[in-house]
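Trainee: Now for the letters of each chain:
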Amino acid sequence: MLEVSELHVSYGGTVRALQGISLDVPDRKVVAVLGSNGAGKSTLLRTVSATLRLHRGAVVSGTITYDGKSLAGLDAARTVRLGIVQVPEGRRIFGRLTVEENLRAGGLGAADKRSRSGSKDRVFDLFPILAERRKQRAALLSGGEQQMLAIGRALMASPKLIILDEPSLGLAPKIVGQIGRILQTINADGTSVLLVEQNAVMALGIADTAYVLDVGRVSLSGSAQELAASDDVKHLYLGHAATTSTGARTDVARDESLRPKATLSRWQG
Amino acid sequence: MTRFIDLVLNGISLGSVYALIALGFVIVFKATEVVNFAQGSMLVLGGYVTTRAHDHMPFVPALLVGIAATAITALIIERVLIRNARGADVNALAILTIGIDILLITELTRRFGSDVLTIGDPWGNKLVHLGNLSLPQARLAAITVAVVLLTGFFAAFKYSSWGVAMRAGAEDNEAAALMGIRRGRVTATAWMVAGLLAAVAVVFLTAFPSPGLDTGAREIALRAFPAAILGGLDSTGGAVVGGLAIGLAEAMTAGYSVTFLGGSLADVIPYLVMLVILLVRPSGIFGTRELSRV
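Chains D and R, in that order, give the protein sequences.
Per the working numbering, the first sequence starts with residue 1, numbered consecutively.
Per the working numbering, the second sequence starts with residue 1001, numbered consecutively.
Rather than coming from a laboratory, the hints here were simulated on the basis of the structure.
Quantities reported herein were computed from a predicted structural model and do not represent experimental measurements.
One or more of the hints may lead you astray.
Claimed, not checked - The list that follows gives simulated cross-link-like pairs (lysine-lysine, DSS-like), each with its CA atoms no further than 30 angstroms apart:
(1) Lys174(D) x Lys234(D)
(2) Lys234(D) x Lys29(D)
(3) Lys135(D) x Lys1126(R)
(4) Lys174(D) x Lys135(D)
(5) Lys113(D) x Lys1158(R)
(6) Lys113(D) x Lys174(D)
Stated by the list, open to error - Some chain D residues flagged as far from chain R (calculated, every beta-carbon gap over 10 angstroms):
(7) Met1
(8) Asn37
(9) Val60
(10) Gly62
(11) Phe94
(12) Leu108
(13) Arg181
(14) Ile182
(15) Thr185
(16) His235
Positions of the beta carbon are idealized from the N, C-alpha and C atoms, including for glycine.
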């Protein structure tokens, strides 16, 4: 459904952030993009969501198509109306607005205005904590709750493709596992997911296919299982030495509940 | 005591007019981060158009024409100058509005000549008697209209989609763009609302007992600027509090003929009040302080 091919992007005409990236997000699949800082992950997402101009970047060459139509020249609002919605890095919730107002802001760009109240029920279903705190200012939520709000806000626009930029950033391992399960639920409901992560364990745990970016290029790609088993990824992202921090991460991967379940109790009909 | 109450009512009336103008500064600043120094001459423009239109029609339609002309002028400024300079430094844009201010006021001065126009409001020099007090009707009308407009504005700001989009965009423009919020529409509306508020405010700024409308109204309107600053330039509620504070301070110093600083302290007091408050609270009374989780 989303196809990126041979994309070159530069900032200010000089800094080449992406140097010929191609990737493919198939319908109803979860695709993970891994990469360290400066690999070009955020640039890729900015290009898809048409916020590159806000950062003085420009596409040098290459194409992005969505359902066969080119996304070139569209503004951010039109991209959202097509059904591509991004959850930005660092959550970027509107701290001075209440939880409910944040969700409302998320629905402002929806293509179908009538679906808003249904979307809100769905978000409150997925994240009961947000329903409890609906009148609170968003800045007062905990980090995990803010991430849930950021995801819920994006769901308000009824996306067909939801893009997440490092949703696990700065969250406790337990919360990361919870976010991973929620993404699976969202995906099971028919939304494609493009997940950009440094936390390879969570990302590879829920993705169908994955790409590894390295200084503006795709250095590895394949099915999530293949990548998880590859020595490069193990070495770079999963860490074979059992240090405390990677140990904690591996626990998340072993978490049974992270794997797809046959039934999703909260999500039937 | 009667004199005191009289001055308080005067101050509130003047203050509510300042609040309308200050709110214009604040919403433009919130939407575009630009301080619109052309607000004063936009206000004179509104008064001028209303007066000229009043030659051909009753007051209320004439005022609507004045409001429309001012709002459209504001929209043109936003579309042609501010929007096309997107990416430019906001300070540069603020200086750009000083240029617009000079252009507008020069042309208006040419048209006014040495005339003092009467805007033709229906209250004229009629008075309302309340016990010992006698107040110009226009002053009471100013308070009433300001309350209605401010209530309407705050309701829209809190509950309408425009209000939510405006507050979201003011807080994090990029995140708002990622939600599909069209910033252009939000800012265009903000400028038009600022124009509307200015065109209404000018009626009361020049109504009895003021002598009438000349280009000096611009300087008076600019006293709403300290009002906006002391309330906190990004706070809509602050604009109202700041407007009332400035209005009351001005009415009191004028009414009791304070002779400090040479007898015309009333002209200076808005700026003095602003300075004192900024010394204590550098971002204004309600200006943004980081809200953070403890």
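Trainee: Would you mind marking each hint as holding or not holding in the structure?
Mentor: Hint check results:
The suggested pairing of lysine 174(D) with lysine 234(D) holds, with an alpha-carbon distance near 22 angstroms, which does not exceed 30 angstroms. With a C-alpha separation of about 23 angstroms, the suggested pair lysine 234(D) and lysine 29(D) falls inside the 30 angstroms cut-off, and the hint holds. The suggested pairing of lysine 135(D) with lysine 1126(R) is violated, with an alpha-carbon distance near 48 angstroms, which exceeds 30 angstroms. Between lysine 174(D) and lysine 135(D), the direct Cα distance comes to roughly 26 angstroms. Compliance with the 30 angstroms bound is thereby established for this hinted pair.
A hinted pair counts as satisfied when its Cα atoms are at most 30 angstroms apart, and lysine 113(D) with lysine 1158(R) qualifies at roughly 19 angstroms. For the proposed pair lysine 113(D) and lysine 174(D), the alpha carbon gap of about 35 angstroms is over 30 angstroms, so the pair is violated. Every beta carbon of chain R lies more than 10 angstroms from that of methionine 1(D), the smallest distance being close to 18 angstroms; the non-interface claim holds. Interface exclusion of asparagine 37(D) from chain R stands, the closest Cβ pair being 19 angstroms apart, more than 10 angstroms.
No beta-carbon of chain R comes within 10 angstroms of the beta-carbon of valine 60(D); the shortest separation is about 19 angstroms. Glycine 62(D), annotated as away from the interface, keeps every beta carbon of chain R farther than 10 angstroms; the closest lies near 22 angstroms. Distance check on phenylalanine 94(D): its Cβ comes as close as 5 angstroms (rounded) to a Cβ of chain R, failing to clear the 10 angstroms threshold; non-interface status is violated. In this structure leucine 108(D) is not separated from chain R by more than 10 angstroms, as the shortest Cβ-Cβ distance comes to only about 5 angstroms.
In this structure arginine 181(D) is separated from chain R by more than 10 angstroms, as the shortest Cβ-Cβ distance comes to about 24 angstroms. Every beta carbon of chain R lies more than 10 angstroms from that of isoleucine 182(D), the smallest distance being close to 19 angstroms; the non-interface claim holds. In this structure threonine 185(D) is separated from chain R by more than 10 angstroms, as the shortest Cβ-Cβ distance comes to about 22 angstroms. With a least beta-carbon separation of about 34 angstroms from chain R, histidine 235(D) lies farther than 10 angstroms from that chain, consistent with its non-interface assignment.
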